[in-house]
Amino acid sequence: MKKKDIILYSLTILFLSFSLISYLISFNPGVQLFRNYWDYFKFVLSVMPVVFLLIGLFKVWVKKETVIKHMGHNSGIKGYLLAIILAFACIGGLFAALPISKQLYNKGSRLSVIMTYLGAACVCRIPMVLWEASLLGWEFTAIRFIVSLPLIILSSIFIEKVFGKNLRTELMKAK
Amino acid sequence: MTVLYISCAALYIISLIANPKKTWIAAKSGIKMLLKILPQFLVIILIMTFMLYVVPPEKIVELLSKNGNWINMLIASIIGSIVVIPGFIAFPLAGILKSIGVGYAVLASFTTTLMMVGILTYPIEKQYYGTKLTIIRNISGYIIAIAVSIVIGVLLGGLY
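So the protein sequences, as listed, match chains A and B. For any residue, its number in this note's numbering is found by taking its place in the first sequence, counting from 1, and adding 367. For any residue, its number in this note's numbering is found by taking its place in the second sequence, counting from 1, and adding 1.
Calculated from the structure, these hints are not laboratory results. Think of the CB as a built atom: it goes at the ideal place given N, C-alpha and C, for glycine as much as any other residue. Check each hint, because a few of them may be wrong.
Said to hold, decoys possible - Simulated pairs of lysine-lysine, DSSO-like, Cα-Cα distance not exceeding 27 Å:
id, chain 1, residue 1, chain 2, residue 2
1, B, K127, A, K370
2, A, K426, B, K37
3, A, K445, A, K474
4, A, K370, B, K29
5, B, K29, A, K369
6, A, K528, A, K445
7, B, K60, A, K426
8, B, K60, A, K369
9, B, K33, B, K133
As the list claims (entries may be wrong) - So the derived label-pair ranges between C-beta atoms look like this:
id, chain 1, residue 1, chain 2, residue 2, range
10, A, K369, B, I83, 44 to 54 Å
11, A, K370, B, P93, 33 to 43 Å
12, B, G102, A, K369, 29 to 39 Å
13, A, K445, B, Y54, 23 to 33 Å
14, B, N20, A, Y390, 27 to 37 Å
15, B, L17, A, P396, 44 to 54 Å
16, B, G102, A, T433, 48 to 58 Å
17, A, V496, B, I83, 32 to 42 Å
18, B, K33, A, A456, 43 to 53 Å
19, A, G443, B, G102, 30 to 40 Å
20, A, I373, B, G96, 26 to 36 Å
21, B, P58, A, G443, 35 to 45 Å
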């Protein structure tokens, strides 16, 4: 384990001990903090392992050529559409979308398609959309989609055009 | 959630039948990737916890119930960019904001920046995409969020 990781883990351990003590002496702010923490923690614990196991399968089974064909440089508009469809189905939000998209990139998907996937995953995951529409109205959600999706695609193309070449080395270095 | 579990299990069973060795490699590399990023995850949710404590939903409601719509929209976009609130808190909160008469443009700028811009999640995003791309992506997300809010404000009202 790296030194940095040990420090990061010990922060969590420190917090958990603080929570335990708060419970014992019924220190209310501490108890409240732990309740907030637990909701997030449950999410990370229940969703993330499954997401990463699926990424593992993807890494082993999906051929590079397949990804290049459907989401690579010659995929055209189909690549973007596929990215948006995949984004609709994305469970787990940005935390899941990041490793998934990076894996797609490593398998030969083009940068603009990946950026579209990330942006769309933020905006239009199905569970979130249902919730939003029921609370804020369908018009609200519909306008948000119609305006944001084209802008996401355009900005993704822009990012690739302007920064694509410079970014390649940096992207290779990252995980 | 259940769908996720079932499909993961099903895919692993199929994979196991097709090629046990490959399946083992898949599981191992998945877990390895998770462990690599887990310390950061844990710290981020720790920061999110404290954030939610310092800026509870009631506080956000209070902040957004004063001022004019344009200023509210700006405040909403800043709050939305910084904090990371899970859906189960964010949308009920948006519902409350709507019921107290906060305009659609403000709601849009809050929910959209919440989803597209993540200052707190920056350390994680940086791990995958490097500093430069992370910053560019978040800035463009912010611009898109503002554009969306203005269009929603014009079409649904609440921006004048």
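Pairwise hint evaluation, A/K369 against B/K60, where the allowed Cα distance is 27 Å at most: 39 Å, violated
Hint check for A/P396 and B/L17 - Cβ pair distance inside 44 to 54 Å: 48 Å, holds
Hint consistency between A/K445 and A/K474 [alpha-carbon to alpha-carbon, up to 27 Å]: 17 Å, holds
Restraint check for B/K60 with A/K426, where alpha carbons must lie at most 27 Å apart: Violated, at roughly 44 Å.
B/Y54 and A/K445 - C-beta distance against the hinted 23 to 33 Å: 46 Å, violated
Holds or violated: A/K426 to B/K37, with C-alpha atoms at most 27 Å apart: Roughly 16 Å between the alpha carbons, so the hint for A/K426 and B/K37 holds.
Pairwise beta carbon distance, A/K370 to B/P93, judged against the given window 33 to 43 Å: 41 Å, holds
Outcome of range test on Cβ distance (A/V496, B/I83; 32 to 42 Å): 24 Å, violated
Restraint status (C-alpha distance of B/K33 to B/K133 at most 27 Å): 26 Å, holds
Pair hint outcome, B/K127 versus A/K370 [Cα-Cα no greater than 27 Å]: 19 Å, holds
Supplied distance hint 44 to 54 Å, evaluated on CB atoms of A/K369 and B/I83: 28 Å, violated
Agreement of A/K370 and B/K29 with the hint, judged by alpha carbon distance not exceeding 27 Å: 23 Å, holds
Consistency note: the structure conflicts with the earlier hints numbered 7, 8, 10, 12, 13, 14, 17, 18, 19 and 20.
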